[in-house]
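Q: Let's have the full structure, built from the sequences with the hints guiding it.
Listed below are the residues making up each chain.
2 protein chains.
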Amino acid sequence: MGRPRTPLLDRRRIGAAALKLADGKGTLTIPALAKALGVAPSALYHHVSGRDEIISLMREELVLTTGGEKDWSQPWERGLEDWARTYLAAFAAHPGAVPLLATAPLTESFMHAMYEKVAELLITGGFAADQVMPVITVLESFILGSALDLVAPSVMLSDVARDTAPHLGTALDHTPTDHSRASRAFDIGLRALLTGFRDLLDQ
Amino acid sequence: MGRPRTPLLDRRRIGAAALKLADGKGTLTIPALAKALGVAPSALYHHVSGRDEIISLMREELVLTTGGEKDWSQPWERGLEDWARTYLAAFAAHPGAVPLLATAPLTESFMHAMYEKVAELLITGGFAADQVMPVITVLESFILGSALDLVAPSVMLSDVARDTAPHLGTALDHTPTDHSRASRAFDIGLRALLTGFRDLLDQ
Chain P
-2 MGRPRTPLLD
8 RRRIGAAALK
18 LADGKGTLTI
28 PALAKALGVA
38 PSALYHHVSG
48 RDEIISLMRE
58 ELVLTTGGEK
68 DWSQPWERGL
78 EDWARTYLAA
88 FAAHPGAVPL
98 LATAPLTESF
108 MHAMYEKVAE
118 LLITGGFAAD
128 QVMPVITVLE
138 SFILGSALDL
148 VAPSVMLSDV
158 ARDTAPHLGT
168 ALDHTPTDHS
178 RASRAFDIGL
188 RALLTGFRDL
198 LDQ
Chain E
-2 MGRPRTPLLD
8 RRRIGAAALK
18 LADGKGTLTI
28 PALAKALGVA
38 PSALYHHVSG
48 RDEIISLMRE
58 ELVLTTGGEK
68 DWSQPWERGL
78 EDWARTYLAA
88 FAAHPGAVPL
98 LATAPLTESF
108 MHAMYEKVAE
118 LLITGGFAAD
128 QVMPVITVLE
138 SFILGSALDL
148 VAPSVMLSDV
158 ARDTAPHLGT
168 ALDHTPTDHS
178 RASRAFDIGL
188 RALLTGFRDL
198 LDQ
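As given, the protein sequences belong to chains P and E, one line each in that order.
Okay, so the first sequence: first residue is -2 according to my numbering, each after it adds one.
Okay, so the second sequence: first residue is -2 according to my numbering, each after it adds one.
It is worth saying that the hints were derived from the structure and are not from the lab.
These numbers were taken from a predicted model, which means no experiment stands behind them.
Treat each hint with caution, since some may be false.
Each pair may be met inside one copy or between any two copies, as identical chains are not told apart.
In silico lysine-lysine, DSBU-like type, Cα no more than 35 Å apart, as pairs [said to hold, decoys possible]:
no., residue 1, residue 2
1, K67, K114
2, K32, K22
3, K32, K17
4, K17, K67
5, K32, K114
A: Written as structure tokens, this is what we have:
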């Protein structure tokens, strides 16, 4: 057999397969990824130097599939909200990969370019230099947690005994029992954070 | 050999081992848990009915090791802040278990009792019934994301090129490079959320 005309592996295929694997398993190993791609681990090493580069490819795939062009000339509240919603969509599509992606250092220049845009938005909006990274980090932590909540069951609290938990019972009576539970919570939280950030700015 | 005088397995040992396993592996299976405990899977089934009950034991272990008595008679901001800090400490001790614990339904009565306290705090504080679960969910999402950030490297953004990312560079110059990076972000985010929640109340 001759060589296939399209390469069996390319970097986007590796990134996509790694995302799928980490999403399903919560972890990522080279042997498991090679198996998922139907190749030997040695073949994988022809394309990537190791685990760190695979995580970069996963991030690149996320950005390519959900990124799109942003309007960074908006006021900071609007720009930050747009960014947060895109980010949530990306992570909610691959919740199992959240812990891995959230804890691996960000060395990729395309990620630095994205954070540069957000940092410029905040500094132009009036935030002090020492507030920029905390604001970004807080928003990211909220987004990562919300991505997990979006894939959690619509009804997280069930079989609550009304006689021993009357306040909780009342609260649950006023809580949607479908997908809108998590998306409504995200909207309220994003609004609360933007209000809190505005307050930081006014101090 | 006679029966050991102390049982090889008890429910707390199972919960603790499951937490440790999920923390390290990101996942939890009965065979892996039985192996970690040095017993056959069938022995495990003498103590628990299955995976759901093991997740309950993990939650119980978290509550037992980090819970402590809370002063629920404080104003809602103080009560919510105390609860958030305890919750963060519990999850930061077992970050790998976060996705599992965050997405499994909460059926345990001791968890319902805890949520009842928080719901009562918020309703007494003046929140509307339909705001209670969103406020709790938002805080939890932020806490879960922050727990992952606390175990992430102190320097998440490295090798940033100052010529192409000047705003990001300035922001990073004003960001701690040790453990305080994540804890300071948590403090700022918690403050921002409480401000935003206060604003909800005033509307």
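Q: Could you run down the list of hints and mark each one as holding or not?
A: Each hint, compared with the structure:
1. In this assembly of identical chains, the alpha carbons of K67 and K114 lie at most 35 Å apart only when taken from the same copy (10 Å versus 42 Å across copies).
2. Within a single copy, K32 and K22 get their C-alpha atoms as close as 14 Å, and across copies as close as 19 Å, so both meet the 35 Å cut-off.
3. For a Cα distance limit of 35 Å, the shortest separation of K32 from K17 qualifies both inside one copy, at 13 Å, and across copies, at 27 Å.
4. In this assembly of identical chains, K17 and K67 lie within 35 Å of each other by CA distance solely inside one copy; the values are 26 Å within and 41 Å between copies.
5. Within a single copy, K32 and K114 get their C-alpha atoms no closer than 38 Å, and across copies no closer than 49 Å, so neither meets the 35 Å cut-off.
Violated hint: 5 only; the structure is consistent with all others.
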